[in-house]
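**Student:** Residues per chain, in single letters:
2 protein chains.
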Amino acid sequence: MQQSYDVLFASSNKYKYQEASTILAEFGIKLGFFNCKLLEIQSDSIKKIALHKVTDAFNQCKKPVIVEDDGLFIDSLGGFPGPFSSYVFKTIGNNGILQLVNKKRTANFQSVIAYCDKKQLALFDIKVKGKISEKIHGKGWGYDPIFIPQGQKKTYALLKNKNKISHRYLALRKFSNWFVRRQ
Amino acid sequence: MQQSYDVLFASSNKYKYQEASTILAEFGIKLGFFNCKLLEIQSDSIKKIALHKVTDAFNQCKKPVIVEDDGLFIDSLGGFPGPFSSYVFKTIGNNGILQLVNKKRTANFQSVIAYCDKKQLALFDIKVKGKISEKIHGKGWGYDPIFIPQGQKKTYALLKNKNKISHRYLALRKFSNWFVRRQ
Chain A
2 MQQSYDVLFA SSNKYKYQEA STILAEFGIK LGFFNCKLLE IQSDSIKKIA LHKVTDAFNQ
62 CKKPVIVEDD GLFIDSLGGF PGPFSSYVFK TIGNNGILQL VNKKRTANFQ SVIAYCDKKQ
122 LALFDIKVKG KISEKIHGKG WGYDPIFIPQ GQKKTYALLK NKNKISHRYL ALRKFSNWFV
182 RRQ
Chain B
2 MQQSYDVLFA SSNKYKYQEA STILAEFGIK LGFFNCKLLE IQSDSIKKIA LHKVTDAFNQ
62 CKKPVIVEDD GLFIDSLGGF PGPFSSYVFK TIGNNGILQL VNKKRTANFQ SVIAYCDKKQ
122 LALFDIKVKG KISEKIHGKG WGYDPIFIPQ GQKKTYALLK NKNKISHRYL ALRKFSNWFV
182 RRQ
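The listed protein sequences derive, respectively, from chains A and B.
Going letter by letter, the first sequence gives residues 2 to 184 in my numbering.
Going letter by letter, the second sequence gives residues 2 to 184 in my numbering.
No lab work stands behind these hints: they were computed from the structure.
You may find that some hints are simply not true.
Pairs count within a copy or across copies, as identical chains cannot be separated in the list.
Straight-line Cα separation of at most 20 Å, SDA-like style, residue types lysine to any residue; simulated pairs [what the hints assert, rightly or not]:
{"id": "1", "residue 1": "Lys104", "residue 2": "Thr92"}
{"id": "2", "residue 1": "Lys163", "residue 2": "Trp142"}
{"id": "3", "residue 1": "Lys128", "residue 2": "Pro146"}
{"id": "4", "residue 1": "Lys175", "residue 2": "Tyr6"}
{"id": "5", "residue 1": "Lys49", "residue 2": "Ser87"}
{"id": "6", "residue 1": "Lys105", "residue 2": "Asp7"}
{"id": "7", "residue 1": "Lys91", "residue 2": "Gln43"}
{"id": "8", "residue 1": "Lys175", "residue 2": "Asp45"}
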């Protein structure tokens with residue numbers, strides 16, 4: 002049977018895969034879905050978490066594979082919620098974040114794509130600077146309704162072109178540039 | 002060389018070891034220190050984290066070993082900060098927690114001791130109910146200045162007998178009762 006993809010996306014989240022798949026198709030990369038449960042370690046660094054996850058994924062699938070990890074880092078809160086963004090969202094949510102952020106509202110969204118095959122391990126990271134809005138604006142996944150990227154007036158949730166400027170899009174594009182050239 | 006301890010305590014934190022050692026000595030158990038870095042996974046459950054850590058510890062030391070894990074779980078915040086108590090303390094601290102907690106202030110402190118030797122794996126967990134104080138009262142490690150255990154009027158930080166009623170003490174005592182009888 003012919004292999005119908007260029008690289009696998011390891012995750013238990015099909016929506017994350019679909020989003021990544023649409024983005025990578027733009028760059029001519031066919032993404033397969035490797036539906037799996039990966040070991041997530043506790044670390045202050047999303048790079049370390051992603052490296053650990055992609056190594057675990059490669060050990061399971063034995064094929065070229067990527068994983069994605071991201072987090073919202075709020076400057077006045079020492080980088081909180083950072084690598085624990087998903088857990089923090091599930092518990093205190095956007096209302097909790099708004100209660101914690103006072104005058105200094107700068108923050109950044111980080112995304113890391115980690116790649117692994119039998120020969121190499123590579124990381125592609127992007128940081129999108131911005132700020133936390135005063136209120137929830139718009140509906141959207143996770144922190145999208147409270148994050149305003151630099152140079153914009155609206156939150157991710159209200160920006161029509163979000164998927165062309167987001168940290169996740171930019172990290173996938175960075176990976177694509179490298180991946181396409183190396184082949 | 003004669004073995005000078007009954008069980009090892011795996012941690013990279015010498016102070017945690019010393020506290021546990023003093024408590025276990027009360028029950029006639031000699032605790033050795035296994036200074037190591039253990040893999041901590043991300044999970045909503047401190048039991049799962051402790052089981053993973055103790056298995057990792059046993060694979061490294063190959064001797065009877067325990068690890069301790071704990072967390073503060075605030076009811077109105079969906080259990081936050083829970084398994085991420087240590088990271089949350091380092092970032093938003095007690096002031097952050099006080100900003101998040103409003104009317105409903107009930108919370109609990111949980112501690113888990115996980116034990117592993119070549120034949121078995123066992124867990125000993127304790128939940129101490131209480132509430133979050135309105136302000137910071139006293140000086141002390143972590144969340145001690147904002148947690149008032151049920152039946153008390155002061156925070157852990159101000160209670161002179163804290164080490165005789167704390168979640169960590171009670172979990173170690175629960176482990177001791179089992180450990181002493183099984184020998």
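**Student:** Return the numbers of the hints above that this structure violates; sort them in rising order.
**Tutor:** As far as the earlier hints go, 6 and 8 are violated by this structure, in ascending order.
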